[in-house]
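J.: Each chain, letter by letter, is given below.
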Amino acid sequence: QQPVQSPQAVILREGEDAVINCSSSKALYSVHWYRQKHGEAPVFLMILLKGGEQKGHEKISASFNEKKQQSSLYLTASQLSYSGTYFCGTEGPDAGGTSYGKLTFGQGTILTVHP
Amino acid sequence: NAGVTQTPKFRVLKTGQSMTLLCAQDMNHEYMYWYRQDPGMGLRLIHYSVGEGTTAKGEVPDGYNVSRLKKQNFLLGLESAAPSQTSVYFCASIGSRNQPQHFGDGTRLSIL
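Residue numbers (our numbering), protein chains in the order written: chain A, 1 to 115; chain B, 1001 to 1112.
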């Protein structure tokens, strides 16, 4: 089942912060975050594994609460280059208990940063 | 180092025609995936492979077939194209679990 992302769209001015949430109804092994610009392939941002860890990537960080099956992506002091669509991809056990690295992606959050 | 290469990049087909999309990776990755992406939606898994000679169905497999005869190549076939298969197709690969998926640049397919 597809994870649910919120909000669907965010409009920011440069320097403002944003939070994008990803929620799953299934148990998860990991959550992946990608950013995609129009007409391009998704670009990897980070992976969060079970254990409730929080990771950072420059001014972009994320957390993963495995008990709640939720992850959040934090963008601080946004830059024009942050504009794009952000996707979470969740990995969890299938009917056989395996996953083989398969991801189920959310519908995406469109982030627009204005000067 | 090319990473993941998809061919062709663009294609227009007529309903009922067949075609094959090629995904080639030069990273010796075991796992490969085919996704489709429609406007306003995330990527949906069509088929995947966990190694040479293996394939399995993903979330939306109907109307597609795949083959992985060589480790570096993963082929996606449309036997009888339908307008509902108009989409952008992405291929991705990983060497093992918990690794970032490496995506190709996509194939934009229109079926009239």
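It is worth saying that the hints were derived from the structure and are not from the lab.
No residue lacks a Cβ here, since even glycine has one placed at the ideal position from N, Cα and C.
One or more of the hints may lead you astray.
[Said to hold, decoys possible] Interface residues of chain B toward chain A, partial, derived using beta-carbon atoms under 10 Å:
hint, residue
1, VAL1004
2, PRO1008
3, TYR1048
4, ARG1097
5, PRO1100
6, PHE1103
J.: All hints, please: hold or fail.
T.: Taking the hints in turn, this is what the structure says about them:
At a threshold of 10 Å, the smallest CB-CB gap from VAL1004 of chain B to chain A is about 9 Å, leaving the interface hint in force. The restraint placing PRO1008 of chain B at the interface with chain A is violated, with a minimum CB-CB distance near 15 Å, outside the 10 Å limit. At about 6 Å, the closest approach between the beta carbon of TYR1048 of chain B and any beta carbon in chain A falls short of 10 Å, and the interface hint on this residue holds. At a threshold of 10 Å, the smallest CB-CB gap from ARG1097 of chain B to chain A is about 5 Å, leaving the interface hint in force.
Evaluation of the PRO1100 of chain B hint against chain A yields a held restraint, the C-beta minimum of about 4 Å falling below 10 Å. Hint on PHE1103 of chain B holds. Least Cβ distance to chain A is approximately 4 Å, under the 10 Å limit.
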